[in-house]
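Chemist: Each chain, letter by letter, is given below.
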Amino acid sequence: MQCERFLENIPLYLEDRLDGAERAEWRRHFGSCAACRDTAMAHDPSLLFLRAEAPPPAEREVERHLAAALSRARAERIERRVRSGRVRRWAAAAVIVLGCGLAGLTFLGGGVDPGEVSSGTPAIARTERPAVEVEMDGGVTVYQFAEMDDATTTVAFVVNPEMRL
Amino acid sequence: MVTARLEVVSTMGDDEQALVRSARAGDEDAFAALVRRYMGGLHRVVARMLGDDEEAWDVVQMALVRAWQKLDRYDSRWRFSTWLYRIGTNLAIDVARARASRERAHEAGGLRVVASQETPAQRLEASEVERVLRRLALGLSPQQRAAFILREVEGLDTAEVARVMGCSAATVRNHIFHARKALRSELLRRYPELAPGRQEADHAV
Ligand SMILES: [Zn+2]
Chain A
107 MQCERFLENI
117 PLYLEDRLDG
127 AERAEWRRHF
137 GSCAACRDTA
147 MAHDPSLLFL
157 RAEAPPPAER
167 EVERHLAAAL
177 SRARAERIER
187 RVRSGRVRRW
197 AAAAVIVLGC
207 GLAGLTFLGG
217 GVDPGEVSSG
227 TPAIARTERP
237 AVEVEMDGGV
247 TVYQFAEMDD
257 ATTTVAFVVN
267 PEMRL
Chain B
301 MVTARLEVVS
311 TMGDDEQALV
321 RSARAGDEDA
331 FAALVRRYMG
341 GLHRVVARML
351 GDDEEAWDVV
361 QMALVRAWQK
371 LDRYDSRWRF
381 STWLYRIGTN
391 LAIDVARARA
401 SRERAHEAGG
411 LRVVASQETP
421 AQRLEASEVE
431 RVLRRLALGL
441 SPQQRAAFIL
451 REVEGLDTAE
461 VARVMGCSAA
471 TVRNHIFHAR
481 KALRSELLRR
491 YPELAPGRQE
501 ADHAV
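Chains A and B are the protein sequences, given in the same order. Sequential numbering of the first sequence, starting at 107, is according to this note's numbering. Sequential numbering of the second sequence, starting at 301, is according to this note's numbering.
Simulated from the structure, these hints should not be mistaken for lab results. From the three backbone atoms N, C-alpha and C, an ideal C-beta is built for every residue, glycine too. Take the hints with a grain of salt, since some may be wrong.
[Stated by the list, open to error] Some chain B residues near chain A, calculated using beta-carbon distances under 8 Å: (1) V365; (2) V453; (3) L487; (4) L488.
Please construct the entire structure, taking both the sequences and the accompanying hints into account.
Modeler: Shown next as structure tokens:
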């Protein structure tokens, strides 16, 4: 794009009246021609932000957050199942309440009644979402329904492989 | 450099449609492959809206959870990225609204000028421009932030921004008009050295 044309198009750019190709061309020229960029920015300083650039996140970081999101989704699914009582129908879950410092270990047994889940293990109802999962041999998956620093941590063992989420 | 750097403008190929089908059938790996390519861009948009990288990752995670849970509601006539950005942008708008009062307190706490008086705008590093953007964007309404960032900074079409935000193109233009006005005046007030020769001209706007 010629400088002259770029300068003529400044008001049209700002009013969003350039078509896609012209607009892309205008932005390219803004990025490459310092003199035109200065003139445009004197016209409207908010054009400065066309130059904003954020470094892309590290691949490792993307993977970490992706894994965390998938884990959150699985945990929410199983918590919904526990809440809706489908766990009882499957006769699949056993819920253990670990007291503070793992002192009072109470095993509530398999085939949890949904009533028991809400009244017997208030940690489930109280917790925002299960946070941790561990997969063990033999298709056993462990979901934790509270943070480690909570006074009470509830862990659900899902032993039926069909319950695996 | 101003370049087309948003993955969201890529067209939805057969590969992507196949991934959507597999993900809908419950294939978690397909879902991961589908969203992985847009996570960086979505994170950048949300971080610019919220001015906070870590909080932005939390929003991205929430967006992925929602997308995975509601994949059956995705209309494949849209680009998958548009749908994902819509979920993420709406969540970011909610977060921004919820913490509006905290932001006002933050703003009143005083601002550090990142550029020295000797640093005119053309010599400012892109990363410094990014910091100024994130700081000043907090003064905009959440919708203005979303519209300005998606359209002006990321370079999406107005029509696509409208789809992401669930409003009309005219509304997008209106948000951008007001965002520009506010950014212009905040730039002149807080970073006058970044807008040389602008002080008198601004009165004419
Ligand atoms: Zn030029």
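Chemist: Hint by hint, where does the structure go against what was stated? Just the numbers, ascending.
Modeler: none
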